[in-house]
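Participant: Residue-level listing of the chains:
Protein chains: 2
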Amino acid sequence: MIAANNPSLKSWIEVSGDSDFPIQNIPFGIIKTGRRQPRMATIIGNTVIDLSVLAELGYFNSVNMDTSVFYMPVINEFMALGKETTRAVRNRISAIFQHNNGELRDNDEHKTQILCDVDDVQLLMPVAVGDYTDFYSSREHATNVGTMFRDPDNALLPNWLHLPVGYHGRASSIVVSGTPIHRPKGQQMPAGAEMPVYGACKLLDFELEMGFVVGKSSQLGQSVSTDEAEDYIFGLCLFNDWSARDIQKWEYVPLGPFLGKSFASSISPWIVTLDALDHFRISGPEQKEPEVLPYLKYEGDKRYNIALEVLLQPEGGEAKTISRSNFKYMYWNMCQQLAHHTVNGCNFNVGDMCASGTISGTTPDSYGSMLELSWRGTKPLPMADGTERKFLKDGDTLILRGFGEKDGLRIGFGEVSGKVLPAT
Amino acid sequence: MIAANNPSLKSWIEVSGDSDFPIQNIPFGIIKTGRRQPRMATIIGNTVIDLSVLAELGYFNSVNMDTSVFYMPVINEFMALGKETTRAVRNRISAIFQHNNGELRDNDEHKTQILCDVDDVQLLMPVAVGDYTDFYSSREHATNVGTMFRDPDNALLPNWLHLPVGYHGRASSIVVSGTPIHRPKGQQMPAGAEMPVYGACKLLDFELEMGFVVGKSSQLGQSVSTDEAEDYIFGLCLFNDWSARDIQKWEYVPLGPFLGKSFASSISPWIVTLDALDHFRISGPEQKEPEVLPYLKYEGDKRYNIALEVLLQPEGGEAKTISRSNFKYMYWNMCQQLAHHTVNGCNFNVGDMCASGTISGTTPDSYGSMLELSWRGTKPLPMADGTERKFLKDGDTLILRGFGEKDGLRIGFGEVSGKVLPAT
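Chains as they are written, first to last, in this note's numbering: chain H, 4 to 427; chain L, 4 to 427.
If you are wondering where the hints come from, they were derived from the structure by calculation, not from laboratory data.
Just to be clear, a hint being listed does not mean it is correct.
Copies of the same chain look alike in the list, so a pair counts if it works inside one copy or between any two.
Derived DSS-like pairs (lysine-lysine); straight-line CA-CA distance at most 27 Å [said to hold, decoys possible]: (1) Lys291 <-> Lys305; (2) Lys331 <-> Lys409; (3) Lys396 <-> Lys382; (4) Lys86 <-> Lys409; (5) Lys393 <-> Lys422; (6) Lys252 <-> Lys300.
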């Protein structure tokens with residue numbers, strides 16, 4: 004076991020029982036405070052730890068590494084050091100903050116420089132994303148979409164159970180939690196109309212997804228096997244794949260979603276390492292009918308039991324939970340996604356991101372989009388303020404949360420939130 | 004008129020009549036020689052001009068700019084200086100190399116340091132591509148594909164004449180001319196089979212395209228109008244969108260092309276500025292049936308008369324011209340593509356690239372892919388060595404060339420070539 008994962012560890016930093024960030028998490032992100040340059044940080048409880056200052060004061064002297072990565076405005080260079088080094092950093096941070104370690108705990112001057120409350124920092128986009136790919140790997144979601152738009156008896160397309168369907172997405176418009184999202188404009192073809200119209204999207208949606216960040220490059224022409232894949236996956240975050248359903252519907256045949264997606268995607272600010280999620284691995288699903296091709300087979304537990312929650316907060320109103328799902332509702336796991344993505348020799352760079360596709364569960368209260376929750380607008384969702392939602396309205400804030408919990412240990416992602424602003 | 008474009012200019016560097024690179028071109032690229040770091044260069048005739056040394060020796064002292072951009076391994080930072088500055092640089096280069104300017108011409112010591120033969124340098128990938136989008140904007144190509152795979156009487160899909168259909172492509176696997184391409188592996192569903200198979204692509208194809216490079220960033224939420232678009236387009240290159248037709252066919256419904264494309268795309272090494280192509284502007288086509296929406300309307304001549312040629316060279320054999328097309332066969336021009344791409348607020352970064360989609364002409368000898376040239380394999384192309392081609396074979400080298408010619412002035416792109424290697 005990785006030392007930092009030991010469930011019995013306690014920190015001298017106070018951590019409440021429902022915190023996503025116990026000492027066993029140690030995610031990585033980028034902070035900004037005042038006029039100082041953006042830099043790397045981690046978090047325990049509600050306390051942000053400035054890794055650049057921690058390094059400056061010598062706390063990483065025992066780790067064989069180039070600590071200049073902590074002064075970078077993204078975590079890419081840190082990830083590129085490789086898992087041996089990034090694990091050593093995580094283990095060292097774990098050691099520094101263990102309740103019985105006094106080296107920093109008893110140094111008030113250093114603590115003042117290194118620690119601050121999460122409410123006092125700005126959390127920035129943690130990764131410079133090179134390429135971004137969005138998969139479509141929840142069987143329940145694909146079945147729902149196929150049932151609504153095609154044929155309930157043949158909801159899944161012929162290729163769906165044979166390969167993790169995915170498409171290239173837009174990297175430039177991935178933004179960090181808290182960034183407001185303008186309702187996109189574009190072409191739509193109204194039902195029954197003969198000509199398309201131009202205007203603000205009327206069917207604005209979210210998609211509940213998780214994203215993984217690649218921390219190791221592969222070469223053009225090289226395939227990464229399902230066995231090797233975890234070495235390339237640095238960590239995960241929550242991912243909201245905002246979607247303009249009316250724009251998407253009119254544009255997507257034959258080359259796939261484009262402007263219906265590329266106006267924005269939002270991610271949570273802390274990248275939680277794959278290592279930290281080790282406790283929450285689960286097996287399955289069986290992939291026998293049909294049996295998958297050998298390059299997609301894998302060994303071990305590759306799914307993760309991570310509870311996911313979607314909240315919708317109308318302008319000035321209360322946030323309401325509109326869905327509870329779980330990252331375990333994935334037919335294709337991340338290792339299969341990466342093996343498939345590289346089977347043709349497509350190369351990955353550090354910082355590339357892949358998202359899961361909408362994660363819908365088996366029951367109507369676990370669906371991962373408004374499209375499914377309101378069943379194409381036929382079942383509006385009641386809000387606390389008496390209004391209803393078929394799709395998102397201007398002023399709505401959409402929040403995704405997620406955490407694993409097992410044997411008294413909770414490791415989570417915090418949240419990704421975004422407020423819908425009117426079209427410009 | 005931009006000074007450097009004056010058709011009557013002659014250089015003191017020898018330029019043959021069929022050269023793509025007269026003094027009116029002045030494209031930008033990245034060279035490597037010996038152990039020196041990659042750096043920026045331009046070319047006149049067959050003579051490469053090292054811009055970093057030109058700057059070092061003071062030849063850009065009259066231009067108000069940060070000349071450190073010439074030492075970068077990509078031209079992104081140069082483009083980001085803005086068109087006012089990059090035009091001043093192009094005009095200054097034009098002045099230095101005019102036949103009657105002796106400042107460098109008569110300085111043999113400087114010439115030795117600045118000039119070298121194009122055969123003595125390695126031409127590297129000129130741009131760090133952030134996001135890459137591939138359009139589908141040739142009506143002839145879309146009609147051919149629709150005729151083959153759907154219905155000859157309804158070859159164009161309902162949205163095609165209303166918007167420039169496009170999709171996000173893979174940026175990481177864009178490589179420079181000369182890079183060999185391994186035949187990709189992946190899933191295919193053989194005709195009549197019940198289960199997919201895994202193996203090397205059997206229907207490897209090229210696509211004759213042109214790409215444009217964005218030289219100015221836009222903000223998330225901002226739309227770029229067709230009027231403003233040219234300020235964002237720095238320059239163009241030849242673009243070969245290698246395609247694995249069997250992989251693509253099995254995977255692409257419903258989310259579009261993915262692994263059938265992402266194994267590689269190849270570009271020509273010199274980015275020819277939009278300014279340099281000014282002579283070759285042409286009007287049209289009419290877009291009245293149907294009339295396009297106002298945000299896609301434009302003023303002025305936005306198409307370019309650029310002759311395109313495709314050559315196929317079997318291993319050890321002679322190159323044969325298999326297609327002659329023209330960049331004018333675009334229904335949607337670059338300004339419309341950019342206006343459409345940003346109409347939803349999607350942002351662009353400097354270095355982002357857009358490709359045209361396959362550029363097919365009206366006659367069978369002007370089609371831009373093997374799929375069309377061999378009409379789905381039903382009309383094999385005879386090679387000089389007695390073999391035939393339905394699709395590309397291992398050992399084949401595929402070459403794209405392109406140039407505009409008018410009033411005795413020829414401005415071109417050189418070529419993009421790539422050799423097909425066996426699957427790994």
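Participant: State for each hint whether it applies.
Facilitator: Here is how each hint holds up against the structure:
When the C-alpha separation of Lys291 and Lys305 is checked against a cutoff of 27 Å, the pair qualifies only within one copy, where the shortest distance is 16 Å, while the shortest distance between copies is 54 Å. With identical chains, the CA atoms of Lys331 and Lys409 are at most 27 Å apart within one copy only, with a shortest distance of 14 Å there and 63 Å across copies. For the identical chains of this complex, Lys396 and Lys382 are intra-copy neighbours only, at 16 Å inside a copy versus 55 Å across copies, given an alpha-carbon limit of 27 Å. For a Cα distance limit of 27 Å, the shortest separation of Lys86 from Lys409 inside one copy, 25 Å, qualifies, whereas the shortest one across copies, 58 Å, does not.
In this assembly of identical chains, Lys393 and Lys422 lie within 27 Å of each other by CA distance solely inside one copy; the values are 17 Å within and 53 Å between copies. For the identical chains of this complex, Lys252 and Lys300 are inter-copy neighbours only, at 23 Å across copies versus 34 Å inside a copy, given an alpha-carbon limit of 27 Å.
When each numbered hint is compared with the structure, no violation occurs for any of them.
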